[in-house]
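Could you put together the complete structure from these sequences and hints?
There are 2 protein chains.
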Amino acid sequence: MNCGEIAKKPAVAITPDKTIEEAAALMAQHRVGLLVIVDRENPKKPIGVVSERDIIRSIAQKIPPTATVDKVGTMHNFVYVYDHDPITAAAKKMRQHNVRHVVVVDKEGNLYGVISIRDLIGEKQVLEILARDWVPTQE
Amino acid sequence: MNCGEIAKKPAVAITPDKTIEEAAALMAQHRVGLLVIVDRENPKKPIGVVSERDIIRSIAQKIPPTATVDKVGTMHNFVYVYDHDPITAAAKKMRQHNVRHVVVVDKEGNLYGVISIRDLIGEKQVLEILARDWVPTQE
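So the protein lines, in turn, are chains A and B. Under the numbering used here, read the first sequence as residues 1 to 139, first letter to last. Under the numbering used here, read the second sequence as residues 1 to 139, first letter to last.
There is no bait here: all hints are sound.
Since the list can't tell identical chains apart, any single copy or any two copies may satisfy a pair.
In silico DSS-like links for lysine-lysine, alpha-carbon gap of 27 Å or less:
#, residue 1, residue 2
1, K62, K18
2, K18, K8
3, K9, K93
4, K107, K8
5, K93, K124
Just so you know, these hints were derived from the structure itself, not from any lab.
Below, the structure is given as structure tokens:
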């Protein structure tokens, strides 16, 4: 089973000029914990991510909710996998980077979807694969 | 393996009179996605929870960050397990209630800890148990 197969739902995308408040509204509406920040000129091109955690941190730092998402998200070096990677790659990257989502891209680097940690415990088959092919993060 | 064994780290608690901003700061500081709201008179007694998602929703609804956490958290009917419950109970409740944390209480109902969804994919042994004892949510 590969990452493309498990990332069934389309990613929720946002452009970097949108505000924290708008990001929060999108997360609440779509019930997702991560938005993919995409290029304004090319909505297929992921250029960053903004997570619930990023927004929580912005509140803790008293950054106004009218600030733009590119100020609080992770730009450029976000965590991703390829659609043809095995699902264990997604689980491993989540552990390694201590994140709950990975962006899935196709071989051209275009946005394919998002895998959340929740997707990994939702199905018996997925759990079986993860248990069988489990590798420690410290290697 | 039971819920008490997997909930190793102490829960991060907050009292209901604290603000959303203070809750966000605690979450960011302790790197957790859920705070347990405890009774002001009895810090062992959980009376609710406030999650990252609750805070995101409050921003989307333009609730000021100076509002108290009891206005945005889940009071009273939060999702919990007992420390002696098998870990599959925690996984099942997360799927059933669509949450990423469960509060762990002891048989007196005192706060024991919190299990996050991340704790469930962190160890090979845990994954093996979850895969073996997996039961569909719709039963």
